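Peer 1: Below, each chain spelled out in residue letters.
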Amino acid sequence: MRPRIDQVEVTLIGPGYGESAVLHLGNDNWVVIDSCIDSQTGQPAAISYLEQIAVDPATAVKLVVATHWHDDHIGGMGALLSRCAQAKFCCSSALGRREFLGYVRRFQPGAMIAGGSGVREIDQVTKLLAKQLKAAVAASANKRVYRLPARESGHGQECEVWALSPSDAQYEKFLFEIGSLVLEPGELKRRAVAQRPNHLSVVTWVQVGDLALLLGADLEETRDAGTGWSVIVTSAERPQGKAAVFKVAHHGSANAHSDAVWQMMLVEEPFAVLTPWSRAGGLPTAADARRIDELTPNAYSTARLRPSRGRTRSAAVEKTLRDAGIRIRRAEPPTGVVRLRNVGARDPHTWNVELLRQACHLSMVHAA
Amino acid sequence: MRIEPELSEVAIVLVGNLNPRIFTPDWFARHGLFSVKDADAAEIDVVHAQVTSFHNEWLSIRVEQERFQASTTVAPYSNLLDLVVRTFKEFLPHTPLAKLGINRTVHFDVGSFEVRDRIGQRLAPKETWGEWAKDLAAGDEKRTGGMSSLTMVQTKVDDRARGFIQATVEPSRRIGGSRTGIYLHVNDHYEVEEPDKVTGGDEMVAILAEHFDASIKRSEWIADQIMRLKE
Amino acid sequence: MITVAGQSTASVSDEPALREHNTQRQRIGPAEIARRYWSDFKMSRPDEPNAPGHRVGAGTRVDIPMTAGTATDESKLVELPRYSGPTTERRISFHPLQEWEGYVIAVNGDTFTVRLTDLTRGAQIAEEETEFPTNDLDEQDRQLLEVGRVFRWAVGYQYSGGTKMRVSHVVFRRLRWTEKDLASAEKEGRELAAKIRWE
Numbered sequence: 005m006r007p008r009i010d011q012v013e014v015t016l017i018g019p020g021y022g023e024s025a026v027l028h029l030g031n032d033n034w035v036v037i038d039s040c041i042d043s044q045t046g047q048p049a050a051i052s053y054l055e056q057i058a059v060d061p062a063t064a065v066k067l068v069v070a071t072h073w074h075d076d077h078i079g080g081m082g083a084l085l086s087r088c089a090q091a092k093f094c095c096s097s098a099l100g101r102r103e104f105l106g107y108v109r110r111f112q113p114g115a116m117i118a119g120g121s122g123v124r125e126i127d128q129v130t131k132l133l134a135k136q137l138k139a140a141v142a143a144s145a146n147k148r149v150y151r152l153p154a155r156e157s158g159h160g161q162e163c164e165v166w167a168l169s170p171s172d173a174q175y176e177k178f179l180f181e182i183g184s185l186v187l188e189p190g191e192l193k194r195r196a197v198a199q200r201p202n203h204l205s206v207v208t209w210v211q212v213g214d215l216a217l218l219l220g221a222d223l224e225e226t227r228d229a230g231t232g233w234s235v236i237v238t239s240a241e242r243p244q245g246k247a248a249v250f251k252v253a254h255h256g257s258a259n260a261h262s263d264a265v266w267q268m269m270l271v272e273e274p275f276a277v278l279t280p281w282s283r284a285g286g287l288p289t290a291a292d293a294r295r296i297d298e299l300t301p302n303a304y305s306t307a308r309l310r311p312s313r314g315r316t317r318s319a320a321v322e323k324t325l326r327d328a329g330i331r332i333r334r335a336e337p338p339t340g341v342v343r344l345r346n347v348g349a350r351d352p353h354t355w356n357v358e359l360l361r362q363a364c365h366l367s368m369v370h371a372a
Numbered sequence: 256m257r258i259e260p261e262l263s264e265v266a267i268v269l270v271g272n273l274n275p276r277i278f279t280p281d282w283f284a285r286h287g288l289f290s291v292k293d294a295d296a297a298e299i300d301v302v303h304a305q306v307t308s309f310h311n312e313w314l315s316i317r318v319e320q321e322r323f324q325a326s327t328t329v330a331p332y333s334n335l336l337d338l339v340v341r342t343f344k345e346f347l348p349h350t351p352l353a354k355l356g357i358n359r360t361v362h363f364d365v366g367s368f369e370v371r372d373r374i375g376q377r378l379a380p381k382e383t384w385g386e387w388a389k390d391l392a393a394g395d396e397k398r399t400g401g402m403s404s405l406t407m408v409q410t411k412v413d414d415r416a417r418g419f420i421q422a423t424v425e426p427s428r429r430i431g432g433s434r435t436g437i438y439l440h441v442n443d444h445y446e447v448e449e450p451d452k453v454t455g456g457d458e459m460v461a462i463l464a465e466h467f468d469a470s471i472k473r474s475e476w477i478a479d480q481i482m483r484l485k486e
Numbered sequence: 445m446i447t448v449a450g451q452s453t454a455s456v457s458d459e460p461a462l463r464e465h466n467t468q469r470q471r472i473g474p475a476e477i478a479r480r481y482w483s484d485f486k487m488s489r490p491d492e493p494n495a496p497g498h499r500v501g502a503g504t505r506v507d508i509p510m511t512a513g514t515a516t517d518e519s520k521l522v523e524l525p526r527y528s529g530p531t532t533e534r535r536i537s538f539h540p541l542q543e544w545e546g547y548v549i550a551v552n553g554d555t556f557t558v559r560l561t562d563l564t565r566g567a568q569i570a571e572e573e574t575e576f577p578t579n580d581l582d583e584q585d586r587q588l589l590e591v592g593r594v595f596r597w598a599v600g601y602q603y604s605g606g607t608k609m610r611v612s613h614v615v616f617r618r619l620r621w622t623e624k625d626l627a628s629a630e631k632e633g634r635e636l637a638a639k640i641r642w643e
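Chains as they are written, first to last, in this note's numbering: chain S, 5 to 372; chain W, 256 to 486; chain V, 445 to 643.
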């Protein structure tokens with residue numbers, strides 16, 4: 005069921021080889037941040053979700069944000085953007101630089117090596133932008149990227165979406181990184197490999213009247229004063245206030261944790277949501293989950309990190325795999341949904357939480 | 256495919272202007288296209304200005320002045336694809352190539368002569384031949400009349416400006432004691448738009464690179480349409 | 445004296461079909477060879493592999509099919525080197541029951557972790573994951589093993605000399621960037637970037 009026109013909603017969907025946040029600002033005005041593929045429908049998860057609650061993406065979605073280009077945040081972005089006919093597209097302008105697009109274009113279909121969903125989706129998106137079918141809003145630190153006037157919001161509050169990053173320093177680091185991906189003729193073709201830490205992550209701040217939401221994308225804390233969370237927390241130019249809902253950065257990893265964010269940018273015991281990531285041993289780790297749990301009892305994950313078997317195949321194939329000692333597992337847990345809706349205009353600071361499909365409380369993320 | 260073939264082959268054929276003499280196993284090894292082991296294991300049939308032919312366990316290469324053919328009976332077929340693409344893209348980009356065929360061949364067993372005969376009857380009903388039908392039907396398992404070969408051609412194919420897809424089905428003479436096997440060959444054929452103006456291999460190699468996987472899949476889907484008749 | 449295999453024409457042609465698997469030999473002159481090679485329906489098919497005794501993957505015979513009524517002039521025959529086909533029977537045939545495309549996501553010393561896209565099912569994304577022992581690779585692939593390397597993995601039945609067995613083949617792809625690939629990508633990137641309008 006769709007939210008009422010005066011309700012604010014934050015819905016986090018994932019994994020699905022990624023994550024996607026779908027926000028209702030009010031009066032059927034929606035914002036989508038990042039994209040992933042729904043493991044059940046094979047469609048962009050945001051599209052599946054909106055259609056399920058009888059919202060037409062073509063008219064309702066006003067802004068789509070790509071926080072960065074890595075596989076786990078952009079799956080289905082091309083199809084999503086095509087469906088959201090009225091939406092503007094927002095990302096760092098570094099993704100439109102010729103150096104980066106030259107890198108992306110290496111992996112066009114005739115290359116015979118799939119670059120990965122990241123480069124494939126960016127390729128589709130930039131072609132849409134190049135055809136001038138969409139204007140692109142460049143995200144950079146402390147820039148307002150979207151505004152919904154109070155008279156159109158359904159609840160009488162002005163809504164704003166801000167980018168809090170990337171900073172100039174992060175932008176430069178990203179360009180340096182792309183520059184280091186120079187290839188020489190004769191080199192072996194490999195799939196595009198995302199570099200970490202992610203310098204170009206777009207952190208978004210959503211303000212609805214005096215209600216605030218913080219979506220941390222993949223930003224990791226760094227020792228460099230010009231990058232990471234420190235530069236955001238200490239900025240005097242960002243929107244001030246404290247967020248009631250926090251999309252935890254980088255799957256809850258310790259590298260992305262900043263005490264300063266929890267102290268200075270979040271209310272006490274905010275709603276904290278994340279999608280797990282099953283690579284590299286899995287994130288959040290048990291220690292990460294405990295850490296976040298201690299900071300707020302209102303912490304949720306869209307899925308559990310539970311290894312599960314891959315598909316079952318013919319007897320001959322299964323026997324061959326067994327004889328070779330090979331066990332195939334699902335790369336990602338099935339998609340789940342954490343939906344937060346506030347009560348509405350009369351009580352915007354009270355939230356209801358729904359855990360749909362595989363979603364669970366964060367304390368259960370490692371439970372069998 | 257719903258029936259596992261007993262014999263299975265993929266062949267890439269390029270038509271153009273070639274010098275057969277250069278395509279020796281050593282040449283392939285020197286350019287890193289073959290391992291030294293594969294080059295050493297190759298059995299050379301002939302190396303000549305007009306034809307070169309050699310083979311090893313998984314690969315067969317035959318080159319004539321107007322035709323290059325590489326075939327394999329061993330999956331994954333990307334091995335063959337990569338070899339051909341690298342040969343003409345990295346090392347022989349100026350070889351004029353005007354036509355490309357991606358060929359898929361399978362021989363599969365339908366279990367009994369009756370089933371095979373029934374399939375042949377469905378594909379080419381003897382009754383169509385009127386009064387000759389009863390003479391066609393005469394014979395026994397060892398020597399029977401009926402469909403000997405059938406070829407179907409799709410002339411309009413969306414993914415190419417010029418070309419066609421051709422499928423041939425026949426009783427197999429290689430498996431099933433020539434009684435229970437069916438042979439099916441799909442030739443997926445592409446041509447440059449202006450064969451007289453071709454000066455290199457870019458266009459054909461790009462098509463091969465982009466369409467090979469889909470072509471094999473489509474050929475197997477076509478094979479499946481015939482295999483379906485067994486049910 | 446050997447003859448060179450001709451090429452069958454497409455069935456839509458009016459020309460009599462040249463049945464390459466018809467095993468009777470024929471000698472043809474150079475004019476006929478040229479005509480067959482340069483016909484509009486010059487086929488991109490390999491030699492017809494449905495002849496009894498045709499050796500799959502083991503070289504090709506060079507028999508020319510017989511067609512009725514074709515005159516020959518023996519004095520104009522093309523001289524080709526003596527060529528005897530291979531003496532061994534059919535070699536290996538391996539058809540995949542299941543095939544994946546995979547890429548390396550981590551190298552862990554004795555093992556490497558990969559993500560897999562199920563090609564047999566027509567999947568578009570890498571939904572599965574597993575580990576392989578590094579020792580299963582040959583020396584060259586082991587040296588080239590790094591994150592991002594792409595491979596194909598096929599599992600199925602292999603037929604060899606009358607024996608049937610289940611096998612699993614992993615083959616790393618060794619495609620390389622050419623100067624043309626990189627220059628072309630750079631140019632396209634530049635052109636795309638110039639067209640994007642930013643607010």
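Just so you know, these hints were derived from the structure itself, not from any lab. Be careful, since some hints might not be right.
Claimed, not checked - DEER-style ranges, computed between Cβ atoms:
hint	chain 1	residue 1	chain 2	residue 2	range
1	V	GLY553	W	ASN272	26 to 32 Å
2	S	THR316	W	MET407	52 to 58 Å
3	W	HIS303	S	ARG313	54 to 60 Å
4	S	PHE180	V	ASP585	52 to 58 Å
5	S	SER239	W	PRO348	35 to 41 Å
6	W	ARG276	V	ASP582	40 to 46 Å
Claimed, not checked - Pairs of lysine to any residue, SDA-like flavour, derived with a Cα cap of 20 Å:
hint	chain 1	residue 1	chain 2	residue 2
7	W	LYS292	V	ARG618
8	W	LYS472	V	LYS608
9	S	LYS92	V	LYS639
10	W	LYS292	V	LEU541
11	W	LYS292	V	LYS624
12	V	LYS639	S	LEU270
13	V	LYS624	W	GLY432
14	V	LYS608	W	ARG429
15	V	LYS608	W	THR435
16	S	LYS193	W	GLY401
17	V	LYS631	S	ALA89
18	S	LYS323	V	ARG618
19	V	LYS624	W	LYS472
20	S	LYS193	W	PRO348
21	V	LYS631	S	LEU187
22	V	LYS631	W	GLU458
23	S	LYS193	V	SER612
24	S	LYS323	V	LYS639
25	V	LYS631	S	GLU103
26	V	LYS624	S	GLN112
27	S	LYS193	V	ARG641
28	V	LYS608	S	LEU187
29	W	LYS292	V	ASP582
30	V	LYS631	S	LYS323
31	S	LYS193	W	ARG429
32	V	LYS631	W	ASP457
33	S	LYS193	V	ARG565
34	S	LYS131	V	TYR601
35	V	LYS631	W	ALA461
36	W	LYS472	V	ASP582
37	W	LYS485	W	LEU338
38	V	LYS639	S	LYS193
39	V	LYS608	W	GLY432
40	W	LYS292	V	GLN584
This structure is a prediction, so every number in the text was calculated from the model and none was measured. Backbone N, C-alpha and C fix where the C-beta goes; we use that ideal spot for every residue, glycine too.
Peer 1: Next, verify each hint and record whether it holds.
Peer 2: Verification of the hints:
For GLY553 (chain V) paired with ASN272 (chain W), a C-beta distance near 50 Å fails the hint of 26 to 32 Å. Checked against the hint of 52 to 58 Å, the C-beta distance between THR316 (chain S) and MET407 (chain W) comes to roughly 36 Å, which is inconsistent with it. For the hinted restraint 54 to 60 Å between HIS303 (chain W) and ARG313 (chain S), the CB-CB distance of approximately 56 Å keeps it satisfied. Checked against the hint of 52 to 58 Å, the pair PHE180 (chain S) and ASP585 (chain V) fails, with Cβ atoms roughly 32 Å apart.
Taking 35 to 41 Å as the suggested C-beta distance range, the pair SER239 (chain S) and PRO348 (chain W) does not conform, at roughly 53 Å. Restraint check, ARG276 (chain W) to ASP582 (chain V): a C-beta distance of roughly 30 Å breaks the suggested window 40 to 46 Å. Proposed proximity of LYS292 (chain W) and ARG618 (chain V) is supported: the alpha carbons are some 16 Å apart, at most 20 Å. Only pairs whose Cα atoms come within 20 Å are accepted, and LYS472 (chain W) paired with LYS608 (chain V) is rejected, the gap being roughly 24 Å.
Distance check on the hinted pair: LYS92 (chain S) and LYS639 (chain V) sit about 16 Å apart at the alpha-carbon level, within 20 Å; holds. At roughly 27 Å between alpha-carbon atoms, LYS292 (chain W) and LEU541 (chain V) are farther apart than 20 Å, so this suggested pair is violated. A hinted pair counts as satisfied when its Cα atoms are at most 20 Å apart, and LYS292 (chain W) with LYS624 (chain V) does not qualify at roughly 30 Å. Between LYS639 (chain V) and LEU270 (chain S) the alpha-carbon distance is near 40 Å, which puts this suggested pair outside the 20 Å criterion.
For the proposed pair LYS624 (chain V) and GLY432 (chain W), the alpha carbon gap of about 51 Å is over 20 Å, so the pair is violated. Distance hint between LYS608 (chain V) and ARG429 (chain W) is fulfilled; the C-alpha atoms sit about 17 Å from each other, no more than 20 Å. Taking the CA atoms of LYS608 (chain V) and THR435 (chain W), the gap is about 19 Å. The hint holds against a cut of 20 Å. Restraint check for LYS193 (chain S) and GLY401 (chain W): the C-alpha separation of about 52 Å exceeds 20 Å, so the hint is violated.
Taking the CA atoms of LYS631 (chain V) and ALA89 (chain S), the gap is near 29 Å; set against the 20 Å cutoff, the hint is violated. Proposed proximity of LYS323 (chain S) and ARG618 (chain V) is contradicted: the alpha carbons are some 29 Å apart, above 20 Å. The straight-line distance between the Cα atoms of LYS624 (chain V) and LYS472 (chain W) is roughly 29 Å, outside the 20 Å bound, and the hint therefore fails. With a C-alpha separation of about 18 Å, the suggested pairing of LYS193 (chain S) with PRO348 (chain W) holds against the 20 Å cut-off.
Distance check on the hinted pair: LYS631 (chain V) and LEU187 (chain S) sit about 15 Å apart at the alpha-carbon level, within 20 Å; holds. Of the pairs offered as hints, the one joining LYS631 (chain V) and GLU458 (chain W) holds, with about 19 Å between alpha carbons and a cut-off of 20 Å not exceeded. With a C-alpha separation of about 24 Å, the suggested pairing of LYS193 (chain S) with SER612 (chain V) is violated against the 20 Å cut-off. Between LYS323 (chain S) and LYS639 (chain V) the alpha-carbon distance is near 54 Å, which puts this suggested pair outside the 20 Å criterion.
Taken as a hint, the LYS631 (chain V) and GLU103 (chain S) pair is honoured in the structure, with Cα atoms around 10 Å apart against an allowance of 20 Å. Among the hinted pairs, LYS624 (chain V) with GLN112 (chain S) is consistent with the structure: their alpha-carbon atoms are about 14 Å apart, no more than 20 Å. Distance hint between LYS193 (chain S) and ARG641 (chain V) is unfulfilled; the C-alpha atoms sit about 32 Å from each other, more than 20 Å. A threshold of 20 Å between alpha carbons decides the hint, and for LYS608 (chain V) with LEU187 (chain S) the separation of about 44 Å lies outside it, so the pair is violated.
Pair hint LYS292 (chain W) plus ASP582 (chain V) holds up; C-alpha atoms about 12 Å apart against a cutoff of 20 Å. Between the alpha carbons of LYS631 (chain V) and LYS323 (chain S) the distance comes to roughly 49 Å, so the proposed pair goes past 20 Å and is violated. Under the criterion of a C-alpha separation no larger than 20 Å, the hint pairing LYS193 (chain S) with ARG429 (chain W) is inconsistent with the structure, at around 40 Å. Between LYS631 (chain V) and ASP457 (chain W) the alpha-carbon distance is near 17 Å, which keeps this suggested pair within the 20 Å criterion.
Of the supplied pair hints, the one linking LYS193 (chain S) and ARG565 (chain V) is violated, its CA atoms being roughly 25 Å apart against a limit of 20 Å. Simply put, LYS131 (chain S) and TYR601 (chain V) have alpha-carbon atoms about 44 Å apart, too far for the 20 Å limit, and the pair is violated. Of the pairs offered as hints, the one joining LYS631 (chain V) and ALA461 (chain W) holds, with about 18 Å between alpha carbons and a cut-off of 20 Å not exceeded. Simply put, LYS472 (chain W) and ASP582 (chain V) have alpha-carbon atoms about 29 Å apart, too far for the 20 Å limit, and the pair is violated.
Annotation: proposed proximity of LYS485 (chain W) to LEU338 (chain W) is violated, straight-line Cα distance about 36 Å (limit 20 Å). This hinted pair does not check out: LYS639 (chain V) and LYS193 (chain S) have alpha carbons roughly 28 Å apart, beyond 20 Å. This hinted pair checks out: LYS608 (chain V) and GLY432 (chain W) have alpha carbons roughly 18 Å apart, not beyond 20 Å. Distance restraint check for LYS292 (chain W) and GLN584 (chain V): the Cα-Cα separation of roughly 12 Å lies within the 20 Å cut-off, and the hinted pair is therefore satisfied.
Of the numbered hints listed earlier, those contradicted by the structure are 1, 2, 4, 5, 6, 8, 10, 11, 12, 13, 16, 17, 18, 19, 23, 24, 27, 28, 30, 31, 33, 34, 36, 37 and 38.
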